[in-house]
Amino acid sequence: MKITVLFFGVARELVGERQLALELPAASKAGDLRRLLAERFPGLDSDLAYALAINEKFSGDDRQLQQDDVAAVLPPVSGG
Amino acid sequence: MKITVLFFGVARELVGERQLALELPAASKAGDLRRLLAERFPGLDSDLAYALAINEKFSGDDRQLQQDDVAAVLPPVSGG
Amino acid sequence: MIGSFNRMMWRLFYLPLAEVKNESTMSEFPTFISLSHSPLSESEARSLLQDRGCGAHVLFVGTVRSSSQGVAVRHLEFEAYEPMVHSVLEEIAEELRTQFGIRGVLLFHRLGRVDIGEAAVIAGVSSAHRKEAFQACAHLMDRLKQTVPIWKKEFTQDGAVWVTPTP
Amino acid sequence: MIGSFNRMMWRLFYLPLAEVKNESTMSEFPTFISLSHSPLSESEARSLLQDRGCGAHVLFVGTVRSSSQGVAVRHLEFEAYEPMVHSVLEEIAEELRTQFGIRGVLLFHRLGRVDIGEAAVIAGVSSAHRKEAFQACAHLMDRLKQTVPIWKKEFTQDGAVWVTPTP
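Residue numbers (our numbering), protein chains in the order written: chain A, 1 to 80; chain B, 1 to 80; chain C, 1 to 167; chain D, 1 to 167.
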């Protein structure tokens, strides 16, 4: 299945893109996406304690992904 | 000795004046002024928990008064 | 505008000399105090408080509500012992700087008649950090209501009363 | 001016339906949110928050300081996950109303480059009473810094870094 992944802040700079389309095996979970990202992008691993949002909601690693989901890689926030 | 007494808020309305000149015996204290005011103005007694300022400083009843002092009768404040 | 703040000089006259122990007890940061019979300017308050060394600015605006404990309020009237307001506020400002490490302190207060919806008070502080700014501004309002010689008369449908603080 | 607040309608799109249990969980009081590449207007913030039923209005203005931990700052840059900022802030606003009984909630935040002395954020609340207003506005800023998806990059003489929150 195909999902979209958005990157922000330091994650956006590590990846070099604001947005990517990724192909994942059916029945993948958010945790699987984390592992895929860590393989493809040095730095997007346990060194960066980022949160994942799926369709604009913070989501845990066992969140089931679906075709056309929009995931977002959210580094620790620093607004204000 | 002669002192000036200022009245504010409900005390001003009880007395009917903003300001009075009072004659006190030499060596009077702030507490003596309180007793004099209670005698002359019904309401300016223990019913009204007012503070006294002498020359713009909050003062206790044993504060010695001097000629030309400016006393002020300050009911409980309610600014803001 | 700034010309109206010659009152900053009040401190020189009203702080009792015994408490001005040495130069260092006089803050290098400004205290802005204004008692006014005309509407208070929030933008003036903010521009006076602006400080490039401060990242945090907290402003409290207290407006006259249309009801008080269920009774319809028509308007308020304030009176103050003006010189003592200044000296007490200067002491409070120094207390805030000592306790919370803030820099600028501001208090604007209306006198005379104030109508529904109008600002009766603006309190403000500036600080390097936000937590201290919130605490100091809240404390400034607490102290205003405890010790600053200002009195409020409430005019309602039932008549007029001098407000007494609720314990 | 008010026209720019069609974003108040975001709540209809971004609050997940499961949480909108019934009409009464939707507050009758407004939440004003604005993310902007141009300077924030404090006077607009105050006029939006003005509420005749509220006697207390607390505004926090966070400006860019000229130094950060002793290093000279040149400017900041902010980026945000905009739709999620709106949905997270709506949840925070409801939390504030439940916890502190406040009414209006406002958050303006700059995006892109922000220079020294400019306001990066304005947070505000309106309430019947002042203690709750101070607590709620301080809590709004705490929550902003914990969970709202906005990121800050600091440009100093030594280069540029994405700011990470201090624990």
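For the record, the hints were derived by calculation from the structure and aren't laboratory data. Glycine included, C-beta positions come from ideal geometry on N, C-alpha and C. Among these hints, one or two may not hold up.
Beta-carbon label-pair distances, calculated as ranges [to be verified]:
| # | chain 1 | residue 1 | chain 2 | residue 2 | range |
| --- | --- | --- | --- | --- | --- |
| 1 | B | PHE58 | C | VAL161 | 43 to 49 Å |
| 2 | C | GLU118 | B | ALA21 | 35 to 41 Å |
| 3 | D | GLY101 | A | MET1 | 44 to 50 Å |
| 4 | B | GLN64 | C | GLY53 | 30 to 36 Å |
| 5 | B | THR4 | D | SER66 | 30 to 36 Å |
| 6 | C | GLN50 | B | ASP68 | 41 to 47 Å |
| 7 | C | SER66 | D | ALA160 | 49 to 55 Å |
Okay, the hints, checked on the actual structure:
1. For the pair PHE58/B and VAL161/C, the beta carbons lie near 25 Å from each other, so the given range of 43 to 49 Å is not met.
2. At roughly 37 Å, the beta carbons of GLU118/C and ALA21/B sit within the given window of 35 to 41 Å.
3. One distance hint, 44 to 50 Å for the beta-carbon pair GLY101/D and MET1/A, holds here, with the actual separation near 46 Å.
4. A C-beta distance of roughly 45 Å is found between GLN64/B and GLY53/C, which places it outside the suggested range of 30 to 36 Å.
5. Checked against the hint of 30 to 36 Å, the C-beta distance between THR4/B and SER66/D comes to roughly 51 Å, which is inconsistent with it.
6. For the hinted restraint 41 to 47 Å between GLN50/C and ASP68/B, the CB-CB distance of approximately 43 Å keeps it satisfied.
7. Distance hint for SER66/C and ALA160/D: a CB-CB separation of about 51 Å, consistent with the stated range 49 to 55 Å.
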